[in-house]
Amino acid sequence: MSVDIPTVKKIASLARIAITEDEAARIAPELDNIMHWIEQLGEVDTTGVAPMTAVIPNHLRLRDDVVTDGGVRDAVLANAPQAEHGFFTVPKVIE
Amino acid sequence: MTDLTNLGVAAIRDGVRDGSFSAREVAGAFVANVAAAKVLNAFLVETPDHALAAADAADAARAAGETPKPLAGVPIGMKDLFCTKGVPATAGSLMLEGFTPPYESTVSGNLWNAGAGMLGKLNMDQFAMGSSNETSAFGNVISPWRRSDGGNAALAPGGSSGGSSAAIAARLCPAATGTDTGGSIRQPAAFTGIAGIKPTYGRCSRWGTIAFASSLDQAGPMARDVRDCAIMLENMAGFDAKDATSLQLDVPQWEAGLSGDLKGKRVGIPKEYRVDNMPAEIDALWQQGIAWLKDAGAEIVEVSLPHTKYALPAYYIIAPAEASSNLARYDGVRYGLRDLPEGAGLQDMYAATRAAGFGPEVKRRIMIGTYVLSAGYYDAYFTQASKIRTLIARDFDQAWESCDLLLTPTAPSAAFALGEKSADPLAMYLNDVFTVPSSLAGLPAMSVPGGLDAHGLPLGLQIIGKALDEQGVLNAGLALEQRAGFTARAEAWW
Chain D
1 MSVDIPTVKK IASLARIAIT EDEAARIAPE LDNIMHWIEQ LGEVDTTGVA PMTAVIPNHL
61 RLRDDVVTDG GVRDAVLANA PQAEHGFFTV PKVIE
Chain A
1 MTDLTNLGVA AIRDGVRDGS FSAREVAGAF VANVAAAKVL NAFLVETPDH ALAAADAADA
61 ARAAGETPKP LAGVPIGMKD LFCTKGVPAT AGSLMLEGFT PPYESTVSGN LWNAGAGMLG
121 KLNMDQFAMG SSNETSAFGN VISPWRRSDG GNAALAPGGS SGGSSAAIAA RLCPAATGTD
181 TGGSIRQPAA FTGIAGIKPT YGRCSRWGTI AFASSLDQAG PMARDVRDCA IMLENMAGFD
241 AKDATSLQLD VPQWEAGLSG DLKGKRVGIP KEYRVDNMPA EIDALWQQGI AWLKDAGAEI
301 VEVSLPHTKY ALPAYYIIAP AEASSNLARY DGVRYGLRDL PEGAGLQDMY AATRAAGFGP
361 EVKRRIMIGT YVLSAGYYDA YFTQASKIRT LIARDFDQAW ESCDLLLTPT APSAAFALGE
421 KSADPLAMYL NDVFTVPSSL AGLPAMSVPG GLDAHGLPLG LQIIGKALDE QGVLNAGLAL
481 EQRAGFTARA EAWW
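Residue numbers (our numbering), protein chains in the order written: chain D, 1 to 95; chain A, 1 to 494.
Bear in mind the hints are in silico, worked out from the structure with no lab data behind them. Don't take every hint at face value.
Beyond 10 Å from chain A on every Cβ pair, some chain D residues (computed) [unchecked claim]:
| hint | residue |
| --- | --- |
| 1 | D4 |
| 2 | P6 |
| 3 | E21 |
| 4 | D22 |
Reference excerpt, derived from the structure (chain A facing chain D, CB under 7 Å, subset only) [to be verified]:
| hint | residue |
| --- | --- |
| 5 | R17 |
| 6 | F21 |
| 7 | R24 |
| 8 | P102 |
| 9 | R338 |
| 10 | T390 |
Think of the CB as a built atom: it goes at the ideal place given N, C-alpha and C, for glycine as much as any other residue.
Just chain D, same shape as in the assembly:
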């Protein structure tokens, strides 16, 4: 498996990162090199091994189903690049 320029463009699109042709050409061999190095994991026989989901055995706790905060609209919006009328605003998505 090798990572080529079309693959890089596809990954960048999935990751929502705009890239130029030059960047894609530069990144492809880097990722290809890294992924080839990672390929060695295929050597390991993992038959019957469960994937790790929690690094330290720890049961997830349940919380009481209660509201513990709220009413902090101004704090929530304080860092918004653009906010109007108490909402985050984004470019128009429907015509």
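Position chain A relative to chain D; hints supplied.
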């Protein structure tokens, strides 16, 4: 009077308590050092008012005869990955430039409750991704250390907690917070001749800490010696209902439990850590560390961790996969940067914002993560890596049948020069070869300075312990520290 900035956490705490000096004097001395060391680029934001206010509170409490808080009068540095209310936090990235958290991370809040003050926010690799501090969007941190070869090469302070390590080594603060995902406390500690411990995963709350890889990220202290690390960790750790992975356990009294006597302890030497092309100096230091631990009463045994060589490639699937998910939140809508090209729609805004806000290393890791999680590759990469993670943890479990602790080098070399490895991402990743396995297994591990290389640069030794055995790790660290007698420090040139 002695220069107060030569004192560590314990000495400052004790001196403020017994009235040898005031907390105000201590804070003032460190504030002055911070202001005079801008060329190191260790601080992104200076907060002298915070440090001085905490100092005044400590002095007022003492004057009123109140019981002193555990860190009363101790000013510290805060890695910029921790959100502190009302102080800008960037995680070293343009993506968060202008972001001022309206909340306090649990770890920083714990430290303020313990009486500590903040000297400022410390520079770091962007989103904690890097081993040299060269990925910060706000310029490299420069190590205060210089090679003794007559050259003046600017050296890496390690990463990602490189602002923390440089600031402590340069006497800009007595201690600082760090975070460790694959070695980001231990490797910079080794590069700058200080101590640092990553506790068991779940000891310190991750709430309010800007996320990189959630199953690995863990906060820990960095300081000049083992005792100071113990004091800091006691005041950072603790159960937090706001972090679902926080361990519901009391915090042990690690400082009170410190002992450098290792009689009855068995220390394992993992044979797989003897990597190809390991510099002779690193191997010699490792042998010296073995002799020191024997002298402290420990029995040395050889152990095998057969999946060690797969830890690093597994890490470079798991960490980027989690990062690609965690960093999806940076889209230009709710906080931080927004890049809205003329006439752009929402999707274009996301892509332009993320292109402009993330540096090359962050983009590289998000893309690796996106790739390994994408349809058709998920099982081959992510599931396989997660299975190998199970095998790595099992290796450690088996090692614990014949030993209590492990001793290894911290990093495969001393600090390298800035720019030396930045063109080759893979060469940079290999720097974490000794620290990543214990991160994948969630185990406590610490680096203590062991000696100097031929160019006069610090080298670190790493102790790895069983889950929740921070005391054992700190004690072995203390035993090494007592015998290494490491007193070298970077001569001020800044």
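Do the hints match the structure? See the list:
no. : hint : verdict
1   : D4   : holds (12 Å)
2   : P6   : holds (13 Å)
3   : E21  : holds (13 Å)
4   : D22  : holds (13 Å)
5   : R17  : violated (36 Å)
6   : F21  : violated (39 Å)
7   : R24  : violated (32 Å)
8   : P102 : holds (4 Å)
9   : R338 : holds (4 Å)
10  : T390 : holds (4 Å)
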